[in-house]
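Under this note's numbering, read the sequence shown as residues 1 to 174, first letter to last.
Dumping the calculated SDA-like pairs for lysine to any residue here, alpha-carbon to alpha-carbon at most 25 Å:
{"hint": "1", "residue 1": "Lys105", "residue 2": "Leu15"}
{"hint": "2", "residue 1": "Lys105", "residue 2": "Pro151"}
{"hint": "3", "residue 1": "Lys105", "residue 2": "Ile9"}
Just so you know, these hints were derived from the structure itself, not from any lab.
The structure presented is a predicted model; accordingly, all values stated were derived computationally and were not measured.
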Amino acid sequence: MRRCEYEQIVAAGVLGDDRVELLYGTIVAMSPHGPEHDDRLGELAERLIAALGSRAKVRVQSAFAASDGSEPEPDLAVVPRRSYRDAHPSDAWLIVEVADASLRKDRGPKARLYAESGVEEYWVVNLVDRAIELHAEPRDGTYALVTVHRPGETIALRRFPDVAMAVGDVVGPA
Numbered sequence: 001m002r003r004c005e006y007e008q009i010v011a012a013g014v015l016g017d018d019r020v021e022l023l024y025g026t027i028v029a030m031s032p033h034g035p036e037h038d039d040r041l042g043e044l045a046e047r048l049i050a051a052l053g054s055r056a057k058v059r060v061q062s063a064f065a066a067s068d069g070s071e072p073e074p075d076l077a078v079v080p081r082r083s084y085r086d087a088h089p090s091d092a093w094l095i096v097e098v099a100d101a102s103l104r105k106d107r108g109p110k111a112r113l114y115a116e117s118g119v120e121e122y123w124v125v126n127l128v129d130r131a132i133e134l135h136a137e138p139r140d141g142t143y144a145l146v147t148v149h150r151p152g153e154t155i156a157l158r159r160f161p162d163v164a165m166a167v168g169d170v171v172g173p174a
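Please work from the sequences and hints to get the whole structure.
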């Protein structure tokens, strides 16, 4: 299925209230969110919005036009500041997935998709292992650089190096 067809189905209300996204031409169910997932996502979104101000737009659980056959809904995307009233963003400086039950999908097909889409930086906020897995330098459908950051360390956005936060504040207490 192509993204334009998917968007027509969504606009027509065919999917109802189902939480789904389009990945590689297939409509895929999204994992339900637990309270910890939502708490960590909310905390990170608040921190990024406050730190970035008017330099970028922070979108939470909104569609991303990744390719002709994919429209995922990442937990968080830092995108250029402009209106997205007529089309979802197709470029992002940072995409974040908060992962517990979705960890395998976020490390696998989603990481590949975001790299193929040229997303500069992708974070997997790994709630299972209490770490942030940073993926950067997209090349040929993969990220050339993958690093793991743990509580006690600080992580900064590559596009906005002045925006840094303690990993422990993002992943929360064990």
